[in-house]
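Listed below are the residues making up each chain.
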Amino acid sequence: MGLSDFITLEEAKIMAEFEAFAKEQLPAAADMNVAALRDHARQVLVAIALDMRQPQTDQEQHAKSLGHASKADSEESKAAGELHGALRAAAGFDVNQTAAEYRALRASVIRLWIESNPQLGRDEVFELVRFNESMDEALAASLLYFAAEAARMRNLFLGVLSHELRTPLSTVMTSGHSLVLGARLKKDMPEAAERVVRGGRRIQSLLDDLLDYVRSGLGEGMRVSPTSVDMSQVCSRIVGELRANHPTRTIALDERGDLICVCDEERIAQAISNLVSNGLKYGASGEPVSVRIDGSAAAEIVVSVQNGGPPIAQATRESLFEPLVRGENAASHGYNLGLGLYIVREIALAHGGTATVESDAEAGTVFTIRLPRDASEASPSAFAGLRMN
Amino acid sequence: MELNAHQSPRRLLVVDDDHDLVDSLCEWVGLSSDWMAVAAYGPADAIAQATALPPDAILMDMEMHGADGFDTAEQLGRASGDKHSAIFALTGNADLREAASQDPRFLASLLKPADPNKLLRLLTRLTADH
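One line per chain: the protein sequences are P and D, in this order.
Per the working numbering, residue 25 is the first one in the first sequence, and the count goes up by one each step.
Per the working numbering, residue 1179 is the first one in the second sequence, and the count goes up by one each step.
The set of hints was computed from the structure by calculation and includes no laboratory data.
These numbers were taken from a predicted model, which means no experiment stands behind them.
Careful: at least some of the hints might be erroneous.
To be verified - Now the in silico label distances, taken between C-beta atoms and shown as ranges:
1) Asp1223(D) <-> Gly264(P): 28 to 38 Å
2) Lys1261(D) <-> Gly264(P): 45 to 55 Å
3) Thr378(P) <-> Asp1293(D): 47 to 57 Å
4) Ala172(P) <-> Glu1241(D): 19 to 29 Å
5) His1243(D) <-> Asp384(P): 20 to 30 Å
6) Asp1246(D) <-> Arg135(P): 51 to 61 Å
7) Asp384(P) <-> Pro1282(D): 19 to 29 Å
8) Asp1212(D) <-> Asp254(P): 26 to 36 Å
9) Ala103(P) <-> His1262(D): 14 to 24 Å
10) Val204(P) <-> Gln1280(D): 30 to 40 Å
11) Ala103(P) <-> Asp1293(D): 26 to 36 Å
12) His1243(D) <-> Asn120(P): 31 to 41 Å
13) Val204(P) <-> His1197(D): 57 to 67 Å
Claimed, not checked - Far from chain D, by Cβ distances over 12 Å, these chain P residues were calculated:
14) Ala103
15) Ser186
16) Ser194
17) Ser199
18) Asp236
19) Ile284
20) Glu289
21) Thr380
Every residue, glycine too, gets a C-beta built ideally from N, C-alpha and C.
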């Protein structure tokens, strides 16, 4: 059987093989709706089979092999590739993962085809060549669109960052001018000084988040320096600070089991603080935010943060941990780069753990971080060694 | 032209959902000019204050929760009634600043962080023109 006929006939089998590969090899695919992953790959595959059936002269074939595809001939696989690239960028895939999907698709098709013992004559070899060319075209189109989409998101982010920095900077400059004038008038202005300090702190916190984002985006993940830590102490400290900053809100803390573990104390504190702040920000303001740490299992520590309020839609839940995603009512809470939950997930992953979210009308929204009890092997920090962490 | 000594001071309504920025701007204007600055910590607050006592000028953030600056300007214009308040746009977003500078409802548009002295010059010019 010819390869294009084989693809059409065995589509279901090829997709099953591809899915198995994708789930195993692609971390970002784990967060992705399986149906979405499969549908886009199937579109690429169908388009390629269609391309392969177009008649092709020797001259065209030679041109294509050099990367000069004639327009009509490659439109299908290119269009499928473009869509694929843009979607993968939006879903938080990196460029390697996006390209790896094509490798998986190509390997699945060829392996299953060879297994079916095709008669390998001149026509079959040419078909194989055409298949590879169509794959390459779809891949090239996908990567081009991936890069364009990634650049668009980066620009959007820089716009938000600049905007978020400008308001506290405005406070610092205006109150600073007042303080200069006040000094000349021999006037004490403690409130202006406090506003300058708060504005500066706000700018610092935005820049710290930005640094985490940039570092983790370099492909190595976030770096952590694990030491022996009492999670009970860490949680009490974080919850205590947040209670002091939000006197009108209730933050409950529930601890169970053995809470001594090996992790990066500051990073874990940051993750828990981000989750509780998130719960205070987006949860129903009349309801408590409940922090639970559970060390009753031998191998792991589970931290969950629950808040009440309307449930988060499935589609929104899938992208919550992606950078630059902000909750629906984010605008009503001022500063927000959309990095808080992204940083939470990066911290969990760097410890060899996971971060997940569940949400329904009854239980509200629950964010859960699962950490191995001993994360000392997780990912030793090069920055710590250089005292740069 | 000198302001009549018997006249009450000119009022500037400062509108932003960032409290610290509103307080900073009000303090600066009170300290360095003869204008009286009034704080409004959001669009609803601004409309209530402008309805109660229409200000001479409004300095307004263009991105607040619940309303954008253009809609709020429209409503503030109506709230001030016959008294035409001069509206200055203040924003951290360069695109919105551009849009406001093309909009006849705004007398001027400033990009955060606005130079406090430039704000004073705008207020001084407004006093001189009237």
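Status of each hint after checking the structure:
1. Asp1223(D) <-> Gly264(P): 28 to 38 Å: Holds - the Cβ-Cβ distance for Asp1223(D) and Gly264(P), about 33 Å, lies within 28 to 38 Å.
2. Lys1261(D) <-> Gly264(P): 45 to 55 Å: 51 Å, holds
3. Thr378(P) <-> Asp1293(D): 47 to 57 Å: 48 Å, holds
4. Ala172(P) <-> Glu1241(D): 19 to 29 Å: 27 Å, holds
5. His1243(D) <-> Asp384(P): 20 to 30 Å: With a Cβ separation near 27 Å, His1243(D) and Asp384(P) satisfy 20 to 30 Å, so the hint holds.
6. Asp1246(D) <-> Arg135(P): 51 to 61 Å: 56 Å, holds
7. Asp384(P) <-> Pro1282(D): 19 to 29 Å: The hinted range 19 to 29 Å is violated for Asp384(P) and Pro1282(D), with Cβ atoms some 50 Å apart.
8. Asp1212(D) <-> Asp254(P): 26 to 36 Å: 60 Å, violated
9. Ala103(P) <-> His1262(D): 14 to 24 Å: Taking Cβ atoms as reference, Ala103(P) and His1262(D) lie about 55 Å apart, which means the hint is violated.
10. Val204(P) <-> Gln1280(D): 30 to 40 Å: 35 Å Cβ-Cβ, so the 30 to 40 Å window holds.
11. Ala103(P) <-> Asp1293(D): 26 to 36 Å: 51 Å, violated
12. His1243(D) <-> Asn120(P): 31 to 41 Å: With a Cβ separation near 39 Å, His1243(D) and Asn120(P) satisfy 31 to 41 Å, so the hint holds.
13. Val204(P) <-> His1197(D): 57 to 67 Å: 22 Å Cβ-Cβ, so the 57 to 67 Å window is violated.
14. Ala103: 31 Å, holds
15. Ser186: Given a closest Cβ separation of 7 Å, the condition is violated.
16. Ser194: 4 Å, violated
17. Ser199: Given that some Cβ of chain D is not farther than 12 Å from that of Ser199(P), nearest at about 4 Å, it is violated.
18. Asp236: 22 Å, holds
19. Ile284: 41 Å, holds
20. Glu289: It holds; Glu289(P) is separated from chain D by about 31 Å at its closest Cβ, greater than 12 Å.
21. Thr380: 29 Å, holds
The structure does not agree with the numbered hints 7, 8, 9, 11, 13, 15, 16 and 17 stated previously, though it agrees with the rest.
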